[in-house]
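First to last, the sequence lines map onto chains A and B.
Residue numbers for the first sequence follow this note's numbering, beginning at 1 and rising by one.
Residue numbers for the second sequence follow this note's numbering, beginning at 427 and rising by one.
Take the hints with a grain of salt, since some may be wrong.
Said to hold, decoys possible - Using 30 Å as the maximum straight-line C-alpha spacing, the simulated BS3-like pairs for lysine-lysine come out as follows:
(1) B:K439 x A:K109
(2) B:K801 x A:K85
(3) A:K85 x B:K434
(4) B:K439 x B:K801
(5) A:K109 x B:K744
(6) A:K85 x B:K620
(7) B:K827 x B:K855
(8) A:K89 x B:K748
(9) A:K37 x B:K530
(10) B:K615 x B:K744
(11) B:K442 x A:K89
(12) B:K530 x A:K39
(13) B:K615 x A:K89
(14) A:K189 x A:K417
(15) B:K530 x A:K109
Hints listed in this document are in silico derivations from the structure and should not be mistaken for laboratory results.
In this text the structure is predicted, and so the values were computed from the model without any measurement.
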Amino acid sequence: MNKLKNQINTDDSNVPREDLYEEAKVLFSEGLVQHLKAKGLDVIECQSEGIYINDINGNRFIDCYSAASTYNLGRKNKTVVDSLKSAAKETDCGNFILVSEEKAELSNKLANFIDGDLSCVLFTVVRGEAMDAACKLARGYTGKTGLISVDGGWYGHTGFAMGLSERIDNDRYGRLIPDQSIVEFNNIKAAKKSIENNTAAFILEPLQVEKGCRLVDKDYLLELKEVCEHYGALLIFDETQTGFGRTGHKFVKDYYGVDPDIMLFGEAITTGLFPMTGMVFTPIVKSFFDIHPLIHLCTFGGHDVGCRVACKTLDVYEQICPWIQSNETGSLLLDHLRNIQSLYPDLIRSVSGLGLVNAISFTNEELAQLFCMTARKKGFIVLQGLVARESVVFRPPLTITHDELNRLMELISSTMKAINNSEILI
Amino acid sequence: MGTELFSKMRTKKIFKQFGDHISKGQIRYLSAGHLDMLERNRQDVKFSDATTGKTYFDGFSSAGSFNTGRRNTRIIEALCNSLHEYDMGTPLLLSRSKIEFARKLVDLAPGDLNKIVFTGSGADSIEAAIKLAKGATGREEIISMDKAYHGHSGFSLSAGGKDYYKALFQPLMPGFRLAPFGNFEAIKKLASMKTAAILIEPIQGEGGIHVGASKYLQNLRQLCDDLGIVLIFDEIQTGFGRTGRIWFSEYSGVVPDVMALAKSIGGGVYPNAAIVYRDIPKLTEFVNENPFFHTSSGGGTNIACRISSEVIDELLEKQLWKNAEKMGKRLNKGLTEIMLQHPESILEVRGKGLMIGIEYRHEFMGMLMADSLSKSSIFAAYSGNAPQVMRFMLPLTVTEKEIDDFLKKFRKAVTIQGYYLFILRPLIKIPIFRKWVNDPNNLISISSFLRKFGF
């Protein structure tokens with residue numbers, strides 16, 4: 001019944017890295033391993049700690065990816081790790097259809113944590129699912145079908161999320177969800193033209209992390225909110241990468257002073273110790289779930305262990321207010337990146353960001369890839385944007401200290417210097 | 427794990443918070459079936475209500491998430507130990523934890539299901555499976571089954587077979603067609619060179635525990651081979667020993683092209699999920715060229731892979747599927763005896779291993795039985811897509827003694843149900859009343875009303 005295959009002893013720290021890559025080719029795909037090697041991501045991760053990704057060979061790298069803005073409190077925050085241990089000893093995922101103290105407590109805590117009227121919640125597991133749920137809630141609540149987003153968005157890999165994202169592979173899976181459209185980013189005329197009586201929601205990331213960390217204008221959001229209200233369409237913000245202090249504010253909506261009707265959050269809610277995402281929304285919109293209970297189910301969503309971990313993470317957020325720190329360190333980093341831009345105007349087209357989510361946009365994709373490869377050799381891991389491949393995004397843990405940030409900035413400078421001297425450019 | 431009961435005030439506060447921030451409707455729905463308990467002392471096959479202290483059999487197991495038993499000590503230890511080394515990890519980076527689990531899973535998977543994509547949940551697995559099929563074949567159409575349940579995100583919901591979950595969110599994806607489960611001729615008529623995949627739960631869970639016959643599944647395999655269609659088995663509920671075999675597909679010997687997994691893979695303590703697919707050029711080449719065609723930040727995490735490895739070790743060492751087969755037979759036999767004594771209530775007992783469905787005579791009886799069972803200390807849920815069918819999915823660690831005790835309690839519940847029926851039977855002969863009472867919303871109102879008087 002069970003096949004006999006070559007087992008590798010993964011407890012043996014002497015297993016050569018190449019053997020692990022060969023095994024990964026067999027199990028996952030050759031394409032994956034080729035990609036990792038080409039992008040400087042051929043790191044076998046182990047014992048990551050604080051702001052560092054560590055590998056099995058004892059190398060360490062400053063984590064400038066943070067699992068797409070997940071590790072806001074650093075890798076393996078001790079208080080949160082302890083909460084996961086104690087939760088595992090006391091509870092489990094729970095029967096998903098039942099009420100639990102864990103779900104109730106987290107929902108209440110989250111309502112208190114988030115400023116404004118977004119006091120209701122649905123828990124999901126992956127980011128795409130949170131977006132799909134938001135689109136469904138918008139359609140269900142409004143009774144309308146139109147879903148509009150802007151170019152440059154990236155919302156995940158599930159059905160609704162894909163159609164709203166700017167992806168090169170969207171034509172590979174047949175027709176996606178109908179009545180979805182994409183209009184120009186930050187163009188209020190384009191938004192106004194698209195929103196009409198059948199619009200269920202207008203969806204955007206006010207700060208597009210994967211598109212060179214570009215931001216919409218405040219006036220745009222204010223006017224957009226008005227137009228949505230006028231037509232009875234919901235305004236949805238995806239804050240999976242900008243939430244929980246990443247931008248120097250609790251959420252980027254606070255920076256703008258514009259509250260959406262639905263807001264998505266990512267795994268920063270557990271600072272990377274438990275897979276949990278979700279959406280918060282206003283009590284008015286929540287009436288849909290009161291009338292139609294259990295219409296969107298998720299076995300692992302609102303997992304009781306995860307809820308405890310998230311509660312503890314929120315406690316730590318409240319205690320240390322990492323948005324204050326990220327506001328300050330983020331300004332230093334952004335200034336540094338702008339200085340670098342002025343040094344290499346031929347290589348860097350723009351620098352953009354807020355708090356500790358910043359991007360350099362190079363003049364071409366190859367430079368961005370070269371930067372990531374070189375960075376890895378210098379000692380930090382950074383990734384290209386998924387939409388703007390010519391950009392690299394810096395999103396280290398918010399707990400990065402001044403000394404650590406200074407070290408990172410030195411490494412960035414030295415990486416740019418190396419690129420500038422690279423033979424590829426000659 | 428405290429033994430002190432929750433005060434009424436604490437319980438009230440929990441329900442108020444849940445109602446205010448999550449859903450009042452859900453509380454109303456659960457209360458109607460006496461399912462408004464708060465799980466505590468979760469252990470093996472049971473839990474107790476934090477407010478009353480009453481102990482319940484977990485007959486639902488979060489739709490089959492607790493195959494290795496609730497709060498299995500070994501798995502909890504694996505979770506705690508993993509934390510010395512790991513957190514969720516970096517999605518793109520490899521780790522020993524990921525590679526070790528991937529190896530264990532493909533070794534356990536049937537036939538040449540040798541390749542893996544990590545996902546974050548059952549629905550996410552279905553998203554990945556459908557995308558793989560569409561991408562690899564370049565075709566658009568997907569055939570799934572009436573009453574099928576595959577999840578709530580875009581692709582998986584489009585493949586779902588129940589209107590309640592879909593109607594308010596239309597339009598969903600075009601190109602999805604439904605066929606009656608078990609009817610090969612119907613599928614044959616729908617299948618063509620435009621079909622990317624046939625997606626099926628080999629035992630329909632939410633649809634009412636319909637067991638796919640071996641011949642039917644073999645015919646599907648042949649049809650897919652003939653037309654170049656990708657055959658996807660959703661073994662999210664049936665996998666990991668639930669049906670008396672490690673995979674339900676072993677009964678028919680059919681190896682699907684893609685198998686979607688979730689639920690029990692996480693040992694009941696941490697989310698994880700995956701698809702495994704056959705190492706055949708069509709699929710392997712597509713993934714090679716598109717290694718990130720589907721990624722999940724919360725799927726295949728380092729902690730989760732450590733736990734899932736332990737789940738597989740536990741399953742194999744304890745040979746839990748064998749216990750599932752033995753206990754399933756005992757439970758099935760006992761339930762069948764009760765059915766023969768109560769033909770007015772129970773129409774059929776069916777299933778495989780510890781995935782057993784009881785079909786009641788009328789749709790409204792699902793909710794009433796959930797209520798009667800709850801009063802008799804069994805927590806069970808009726809099927810979302812077929813309310814007249816109740817699913818029993820006890821943890822696979824259940825013992826003979828516990829099965830016998832469970833049957834005793836079930837018998838008591840059927841007796842309680844008899845009282846309801848005594849009142850209702852004359853009324854349900856009237857078509858309008860029958861239609862009215864079969865609507866769950868009306869039942870919720872009646873039940874809520876009755877509860878006020880202590881029922």
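Evaluation of the provided hints:
Using a Cα cut-off of 30 Å, the hinted pair K439 of chain B and K109 of chain A holds, with the two alpha carbons roughly 13 Å apart. For the hint pairing K801 of chain B with K85 of chain A, the CA-to-CA distance comes to about 34 Å; that exceeds 30 Å, so the pair is violated. At roughly 29 Å between alpha-carbon atoms, K85 of chain A and K434 of chain B fall within 30 Å of each other, so this suggested pair holds. Proposed proximity of K439 of chain B and K801 of chain B is supported: the alpha carbons are some 23 Å apart, at most 30 Å.
With a CA separation close to 41 Å, the supplied pair K109 of chain A and K744 of chain B exceeds the 30 Å bound. A hinted pair counts as satisfied when its Cα atoms are at most 30 Å apart, and K85 of chain A with K620 of chain B does not qualify at roughly 50 Å. Note on K827 of chain B and K855 of chain B: the hinted pairing is violated, with a Cα-Cα distance of about 40 Å set against a maximum of 30 Å. Our distance criterion of 30 Å between C-alpha atoms is met by K89 of chain A and K748 of chain B, whose separation comes to about 28 Å.
For the proposed pair K37 of chain A and K530 of chain B, the alpha carbon gap of about 25 Å is at most 30 Å, so the pair holds. Of the supplied pair hints, the one linking K615 of chain B and K744 of chain B is violated, its CA atoms being roughly 44 Å apart against a limit of 30 Å. Pair hint K442 of chain B plus K89 of chain A holds up; C-alpha atoms about 27 Å apart against a cutoff of 30 Å. The hinted pair formed by K530 of chain B and K39 of chain A meets the criterion: a straight-line CA distance of about 28 Å does not exceed 30 Å.
In summary, the hint linking K615 of chain B to K89 of chain A is not supported, as the alpha carbons are separated by about 53 Å, beyond the 30 Å threshold. Between K189 of chain A and K417 of chain A the alpha-carbon distance is near 42 Å, which puts this suggested pair outside the 30 Å criterion. Only pairs whose Cα atoms come within 30 Å are accepted, and K530 of chain B paired with K109 of chain A is rejected, the gap being roughly 39 Å.
Comparing the model with each earlier hint shows violations of hints 2, 5, 6, 7, 10, 13, 14 and 15; every other hint is respected.
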